[in-house]
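A.B. asks: Below are the chains, spelled out letter by letter.
Protein chains: 2
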Amino acid sequence: MPKTAPCCPPAEPTPPVPADESEANEVLARLAKALAHPARVAILRLLVRHEGCIVGDIVDELPLAQSTVSQHLKQLKAAGLIRGEVDGPRVCYCVEPGAVALFKALVEGL
Amino acid sequence: MPKTAPCCPPAEPTPPVPADESEANEVLARLAKALAHPARVAILRLLVRHEGCIVGDIVDELPLAQSTVSQHLKQLKAAGLIRGEVDGPRVCYCVEPGAVALFKALVEGL
DNA sequence: CAGGTTTATCGTAAATCGACGATTGACGCT
DNA sequence: AGCGTCAATCGTCGATTTACGATAAACCTG
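Residue numbers (the working numbering), protein chains in the order written: chain A, 1 to 110; chain B, 1 to 110.
Derived from the structure by calculation, the hints contain no laboratory data.
Keep in mind that the hints are not guaranteed to be accurate.
Said to hold, decoys possible - So the derived list for chain A, only partly shown, Cβ under 7 angstroms to chain B, looks like this: (1) Ala36; (2) His37; (3) Ala42; (4) Leu46; (5) Lys74; (6) Lys77.
Backbone N, C-alpha and C define an ideal beta-carbon position, used for all residues, glycine too.
My request is simple: use the sequences and hints to build the entire structure.
C.D. replies: Structure below.
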């Protein structure tokens, strides 16, 4: 049994765009806020690119302290854009494709 | 000669998506930040819908004080998403379609 | 089980945001 | 000239963001 990705398994379905406009505004605002910082955009891109997980390699890629990166990850997770799973001593983050798709749909609908 | 829209005339061309990734991250983050608040999303939608201008009618549409709306408009303008022109005693805001298109392109490219 | 890694959390400080009321500025009208 | 209207700006407040170092928690490895 290979020690393959213990991460990113289920892949939630894409949530629907809210019918209520003001609710759609809030959802879009929440997602936009999560990407309102270059570092978080960079993190999301990293995770999309290595489509799957990645760990604190993220820290190596960014000119930020480990604790700061952790904070950004927390915000991305709170917004539902990424998911993190514990893999032994390290933690594996991955994109939540449904959330990204929702974001794209909301932006497209502007 | 009708007293038609003194607003939204030139319509700048859509700026290109930056080739440099970290620059693209910054641009995307700036635009996302501008939409990181439900009120600003609502304002942008209002302007898109009445495709063209609109004045302080925006204030009537939102449950916010006039000064607060003005602040949000200022942020949207600073991000380049909207443009405002003085039309006599009132001010006419309108969408900057190129900036919205750029935003959509950047999000799509995630 | 002791030690080393990895990551999250805490505490802190500076900066920015979000909202409001009050004021100022610009303009058209009478 | 003076008045009313519309919108931007100012000043203020509390809350949030961003960043960091230091600490704590979880977990392999020897």
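A.B. asks: Checking each numbered hint in turn, tell me which of them this model violates, lowest number first.
C.D. replies: Of the numbered hints given earlier, those the structure breaks are 4, 5, 6, listed in rising order.
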